[in-house]
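Trainee: Listed below are the residues making up each chain.
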Amino acid sequence: MSSLLDLLAQHFSWAQNPVVLARQTLAGVSNGMLLFLISAGLSLIFGVLRILNFAHGALFMLGAFIAVSATALLPESAGGFLAALIGASAGLAVLGAAIETGLLRRIYRAPHEFQLLVTFALVFILGDAAKLIWGREDNSVAVPALLAGSAQALGITFPTYRLFLIGVGVAVALALWVVLHRTRWGVLVRAATMDRAMLSALGVNTRRLFTTVFALGAALAGFGGALAAPIVAVGPGLHVQVIIDAFVVVVIGGMGSVLGALVASLLVGIVNAFGVLAFPGLAVVLTFACMAIVLIVRPWGLFGVPE
Amino acid sequence: MKWSLWVFLGAAVALLALPLSLSEFWLFIAIEVLAFSLYAVSFNVLLGYGGMLSFGHAAFFGVGGYAAALLVKKAGLSAGLAFALLPLVAMAVAAAFALVIGFFSVRRSGIYFAMLTFAFQMLLYTIALKATPLTGGDDGITGLKPPGVLAQPLVYYYFALAVVSAALYVLYRLVSSPFGYTLRALRSNARRVQYVGVDVRAHQLAAFVVTGAFAGLAGAVFALSSGNVFPGWLNWTASATPVVMAVLGGMHTFLGPALGAAVYVVLEVLISGRTEYWPLAMGVIIVLLVLVMPTGLTGLLRR
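As given, the protein sequences belong to chains A and B, one line each in that order.
Following this note's numbering, the numbering of the first sequence begins with 7 at its first residue and continues without gaps.
Following this note's numbering, the numbering of the second sequence begins with 505 at its first residue and continues without gaps.
Treat the hints as calculated values from the structure; they're not laboratory data.
Among the clues, some could well be false.
[Said to hold, decoys possible] Chain A is nowhere near these chain B residues, computed Cβ spacing over 12 Å in every case:
#, residue
1, F512
2, L627
3, F683
4, P783
5, L784
[Unchecked claim] Per the computed footprint, the stretches of chain A lying under chain B, defined by three or more beta-carbons under 8 Å from a beta-carbon of chain B, are:
#, region
6, 118 to 129
7, 297 to 305
Think of the CB as a built atom: it goes at the ideal place given N, C-alpha and C, for glycine as much as any other residue.
Starting from the given sequences, assemble the full structure and let the hints guide the process.
Mentor: Set out below in structure tokens:
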């Protein structure tokens, strides 16, 4: 019995090390913020368009690839990274609007299986398009010089870029809150997640609303991809895992809820960061088990609204 | 009625004579077509008849594949036993998984049912990936050979043909039975069926378990012919395969998905032999399919 306790104590010895705790918390929260940028869009799109966009991870990946190109064009300058962020957001907003008007608009009335198939097809089309344009290699993007350092607090070293990610995530969350709660467009978006037929009956131009929501969701994914570029390997397989994490977040947080996406993103980010220490290999299994439990017990998620 | 009998007899003769004219490469493709036909038809009993969009049916195909692989690799069956046992064990294991997953999943309907089955598939995928001692982890289980005389491709083709035909016959009897008509009614209006006094969940669960079992059988047939099982069989990128096959062939006929499976498999062989951008081609095909011919190939023929 005591040997078991010893084993446990040994296994969890990292839990007494403040440096490890702080480092993992920072990694978890900053990864969670990146996850939030993808899942906020995924969640809004499902809430308003009622379409489960499997291609959202591919949009994130395209944002990261655009960052690769932008920083290659303008190397060694803060301008290059800024151009990457702006270019990825704008480029994906345009692509998103094109996808919505050219493709998704035709299938809103189609059965679920057709909608899922189309966003699935987009995954393969965008994935291969990225291979055609950027090749099959993994690329890396340098952290901009301004953010490359580290900060010291309480004797613990934090990489500046991770802190920057958290700051950006908070800023985006606040901006989204203001847009959704203080603008007419935001009111329409929230109304659409509750009752689209009623909104349409009241004379609102839902077509334009759908296009702008999808474009915003795509832009957020592209922005997230560009932000993630300096801390991930930017290659053609990037989207495969990203979309699954975002999917888990949206299910747990509640489809259509941005607040839910934020809370669940931080939760999943932190659970993953500590899960790899506490239960190596089992953390992913636990995530999907959590997702299944939420779907069974509360399918509209923690912050969603039951239909 | 007579007309369809002739078609049936013609198809039977063609399927029996087919392997005699095929090279070994195409013989393996023919076996793959048989396995995926069963996979697609069983999936479509759920979607086309029952209106239940499972987005996690690849789980059962994969579980059947792993069951067959472990049975051959670890238990070392003789050919005689394998004939009888392999299909039964693969089906029983897949059915057991389908029973647990289905028990929870049929509590939800529509898109939430799809997401729930999807979540369970991903759960099994991560287990296949992490339970290395049993499943070989990322490397999967490779170098499988069907036991005894079954190792000859020609014999294995006839074995697969017999197994798949028998399974399709059982599924056909199922959809033609009162149970099958209850499923159709559930697709049209589940609430009304419930008001008549039918236990909706029990029927949906039964359909889920039966189709899961046959998907497992299809996975087993394919695993031993291809010689490998990989965790990728259960990954989310595999979720759409049976859906594409069913829609491509036509969801509203019994054998339409089998036609879809045949076309899909042959297209994959032809296209991926020429270019590495098969996913791109498949994506474009799916988009065209949904936009231009949503009733599938059998829908075109009927028109």
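Trainee: For every hint, state whether the structure bears it out.
Mentor: Okay, the hints, checked on the actual structure:
1. F512 of chain B, annotated as away from the interface, keeps every beta carbon of chain A farther than 12 Å; the closest lies near 29 Å.
2. Its beta-carbon lying about 4 Å from the closest one in chain A, L627 of chain B breaks the requirement of being farther than 12 Å from that chain.
3. Every C-beta of chain A lies more than 12 Å from that of F683 of chain B, the closest at about 22 Å, which supports listing it as non-interface.
4. Under the 12 Å C-beta cut-off, the non-interface status given to P783 of chain B relative to chain A is violated; the minimum distance is some 4 Å.
5. Distance to chain A contradicts L784 of chain B as a non-interface residue, since its nearest Cβ pair spans about 4 Å, not more than 12 Å.
6. With a cut-off of 8 Å between beta carbons, the region 118 to 129 of chain A has 10 residues touching chain B; three or more are needed, and the interface restraint holds.
7. Restraint check on the region 297 to 305 of chain A versus chain B: 5 residues with Cβ-Cβ distances below 8 Å, three needed, restraint holds.
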